[in-house]
Every structure is written in C-alpha cells, then in structure tokens.
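Student: Letter by letter, the chains look like this.
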Amino acid sequence: LAKTTQPISMDSYEGQEVNITCSHNNIATNDYITWYQQFPSQGPRFIIQGYKTKVTNEVASLFIPADRKSSTLSLPRVSLSDTAVYYCLVGDINRDDKIIFGKGTRLHILP
Amino acid sequence: EAGVTQFPSHSVIEKGQTVTLRCDPISGHDNLYWYRRVMGKEIKFLLHFVKESKQDESGMPNNRFLAERTGGTYSTLKVQPAELEDSGVYFCASSQAVGARQPYGYGYTFGSGTRLTVV
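So the protein lines, in turn, are chains A and B.
Each residue of the first sequence is one higher than the one before, starting from 27 at the first, in this note's numbering.
Each residue of the second sequence is one higher than the one before, starting from 919 at the first, in this note's numbering.
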C-alpha cells in the first residue's frame, strides 16, 4: 500500500469550501484513491473514490492531478455536521482485502 | 437494506471479566472484518473472515481475543480476561465478495462500533 500524508487537523467555517489534500508520492500504477469519513460515535463511511482527473458525487469532489502523487478532497459549503475525521486511502485492486487506516484529518467546522 | 449492526453499543466491565461483542453484517456479505481504535490511536485491523473461515488474523493482539463466525453469518469477538488496555471502540465491517477485482477501499460498510471500557 502507498504511504499517505494528510494534515492532522483543519478548522473551517460553515458555508465555506474545504479542501483536504493527501500526498501519496509512491502511488503505483494500479492504485486507487479512496476517502472515508468518520463522524463521532460512528464507524467510517466511504465517500468517494477515483483513479485520475476529477470525480464528483453528491457528497464531495475528488481532484487528482496528472502525476497522481496527491489528491484533494473538496467539500462544498460545509456545515457543522461535516465535522468528522477524513481518511485518505491508496491501494491496488484488492481481492477483498482489509482496509488500512492512517491517522486521518480531523476537520472541525465552526459556526 | 439493513446496515452492519453491532451490539452492545457500550459495555463497561471490570478487569478480569469476559465480554463478548457481536456483529451482524449486511446479509449476503461474505467478508467480515473486525477493527479496534484505542484512545488517541489509529483504527487498527484485527481480523478478516471470509464466510466462516479466518482469512487473516494478523491483527489480533493476543490469545485473550477470540473471534468466531459460525455458519458464516454473524460474528462474535470475545475478550477473556479483559485488561485495562483493551478499552476502546471495536468496529465491524462487511463487504460483498466480488472475486479478484474490486478497487481498494470500495464497498465496505462499517457498523457504529462497540465502546468497551475496562475498569
């Protein structure tokens, strides 16, 4: 699995766009980039996954530059309920293998 | 579709006692995983079942932990005897087996966890 580095914590305000960047310099050709979200007192939840360029769903957007050595999770117009820990995962097609979590980014949304 | 269910949601036991945690995966999910997060630490993998078989138990901390998945449905994780350092949140996750090709990290559903406190 590729090593990932993301900020330990971030603060933002309601209504702002939040971008969390994850570095994965040794990403391999077959690796996917996946983000999970974990609210307090809940288990992690899959939010978005991508391989290259841009992916968007109802929750977030994921921007992946051409060299794929980093990725940015973008949360539009955050609210207090977006306060959570966000995990960046990078790995190959997994044959139903386990997920390995890092420290994640603790996002705190302020009113 | 019902999600992954874990119970109890909270458990407080004394050191030396036994506790059994239960996880009901999503129906039809062959893969079942146990994870643990102790205070201030990362979420750590404990064990992976494929149906009733233990596929990977490399994360089990010691022989005080016993996981079972009889019949390939629900799973239990027993801690006997419990120690203070076993306190933490225990998560269960499940995923549908799709064979060799599934993007890493896709298709997993986690339960809300069991918060275990050993006093």
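Calculated directly from the structure, the hints in this document are not laboratory data.
Be aware that one or more of the hints could be misleading.
What the hints assert, rightly or not - Here are the computed lysine to any residue pairs in the SDA-like style, where the Cα-Cα straight-line distance is at most 20 angstroms:
no.	chain 1	residue 1	chain 2	residue 2
1	B	K962	A	T55
2	A	K129	B	R955
3	A	K129	A	N45
4	B	K962	A	H134
5	B	K962	A	K95
6	A	K129	B	K959
7	B	K959	A	K95
8	B	K959	A	Y39
9	A	K80	B	K962
10	B	K959	A	S35
11	B	K959	A	G76
12	B	K959	A	R103
13	B	K959	A	K78
14	B	K962	B	T988
15	A	K95	A	F65
Student: Now tell me, hint by hint, if it's right for this structure.
Tutor: Against the structure, the hints come out as follows:
1. K962/B <-> T55/A: violated, 26 angstroms
2. K129/A <-> R955/B: holds, 11 angstroms
3. K129/A <-> N45/A: holds, 17 angstroms
4. K962/B <-> H134/A: violated, 23 angstroms
5. K962/B <-> K95/A: violated, 25 angstroms
6. K129/A <-> K959/B: holds, 8 angstroms
7. K959/B <-> K95/A: Violated, at about 26 angstroms.
8. K959/B <-> Y39/A: Given that 20 angstroms is the threshold and the Cα spacing comes to 27 angstroms, the pair is violated.
9. K80/A <-> K962/B: violated, 30 angstroms
10. K959/B <-> S35/A: Cα-Cα ~15 angstroms, so holds.
11. K959/B <-> G76/A: violated, 27 angstroms
12. K959/B <-> R103/A: violated, 30 angstroms
13. K959/B <-> K78/A: Roughly 31 angstroms separates the two Cα atoms, so the pair is violated.
14. K962/B <-> T988/B: violated, 24 angstroms
15. K95/A <-> F65/A: Violated, because 27 angstroms separates the two Cα atoms, which is more than 20 angstroms.
Violation of the numbered hints given earlier is confined to hints 1, 4, 5, 7, 8, 9, 11, 12, 13, 14 and 15; the remaining hints are satisfied by the structure.
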